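K.L.:
Residue numbers (the working numbering), protein chains in the order written: chain A, 1 to 59; chain B, 60 to 197.
Keep in mind the hints are simulated off the structure, nothing from the lab.
The structure presented is a predicted model; accordingly, all values stated were derived computationally and were not measured.
All residues carry an ideal CB built from backbone N, CA and C; glycine is no exception.
It is possible that part of the hints are untrue.
To give an idea of the interface, some chain A residues facing chain B are shown, with a C-beta separation under 8 Å as derived from the structure [what the hints assert, rightly or not]:
hint, residue
1, 1
2, 2
3, 20
4, 27
5, 57
Spelled out from the first residue to the last, the chains are:
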Amino acid sequence: MLRPSHFTAVVLFALCASIVFGITQRETPRKMVRYGAYCFVLFVGAAIVLSWVMFLIAR
Amino acid sequence: MATPQIRTGAAPRNPSSRGFVYLPLIAGWLVPGAGHFLLRKWGRGVLLATSIIGMFALGIGMNGKLHANAHDILDLLGLVGDLGNGLLYFVSRALSLGADQVQVTTGDYGTRFIVVAGLLNVIAAVDAHNLRTGRKSA
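This is chain B alone, in the form it adopts within the complex (with noise of 0.2 Å):
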């Protein structure tokens, strides 16, 4: 006798698509877009890519300031934000680029910016990686 077959709703959908499944969460925050990308949503991709990678560029510019470590527990905060940013934070730490200590309004903005900018880029790879899994549909 047949047995039923339960479907739950992290049941990849293509059961054909092997492979390592954190592959697109790991990509998509290392590359803002990347892990849409390997799963061949090349719209979705490069508007994600377009939104995170300028938005973190615009805090650059602003003057913001990159977090590099954590004195108190707001410092921590925002250093768990910015390393959302994946390689483009570790890039930007090797350059040296962003400010030291905000020191004008725009550069307040342009902290915030990037801040926003890894976490926005951690809810895109979660994203991807729910596409992979199959708990998001399409």
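For reference, chain A alone in the conformation it holds in the complex (with noise of 0.2 Å):
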């Protein structure tokens, strides 16, 4: 059974949802790419800054 940490859960999530977003929501191969790595950014951005936000919120 796999047991990836929740960070690598994120990331895998992210590399996974941001490849078919790019490719659906985009028609050229280049904003493919960039709609693509955008997604990812946001992603991960998004999971990080929403960590610490519940982490100070926790203390």
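If you follow the hints, you should be able to join the two separate chains into one complex; please do so.
P.N.:
Set out below in structure tokens:
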């Protein structure tokens, strides 16, 4: 059974979802790559920011 | 007098491409990436198939739950998401893959991976349909 850390799971999730979003939401390969990278950064960045927010709230 | 030809967004780009217009949609739902393969979009099909099948496999590997019935609204939504995986879902159910009950944290991650893989597969299948009808240019 796979037991990834929470952050590893976030990165895997973001990678797969960003690839699909990039391919399906844009028309040219260049725009697909840019949009996929944008989604990936937003997914992972939002997870990190929200994690810190929850950490600070919980203290 | 010649009438001007008005091209709508839904008109096929290639008038010579005939056949069942919903085939890429149905094939893409049943097998991730198959809709794009039918349209000869090999690179996109491989990337979509790898992402969606990989996400589903990760979910199963994390002991995620495959929803089998709908006791309440959340179960129903999970079942709808799982059904988006097409044949992956039915084959996995037949092979009794996945957990019946989520007992560990990673199982909860896995359940979400499986549901989201199904939803992404629906998006990919609709994209193949849009390519087929000409609503999406390339």
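K.L.:
Evaluate each hint against the coordinates.
P.N.:
Hints, one by one, checked against the model:
1. 1: Result: holds, 5 Å to nearest chain B Cβ.
2. 2: It holds, given that the least Cβ distance between residue 2 of chain A and chain B is near 4 Å, below 8 Å.
3. 20: Cβ of residue 20 of chain A sits 4 Å from chain B, so the hint holds.
4. 27: 6 Å, holds
5. 57: It is violated, given that the least Cβ distance between residue 57 of chain A and chain B is near 20 Å, above 8 Å.
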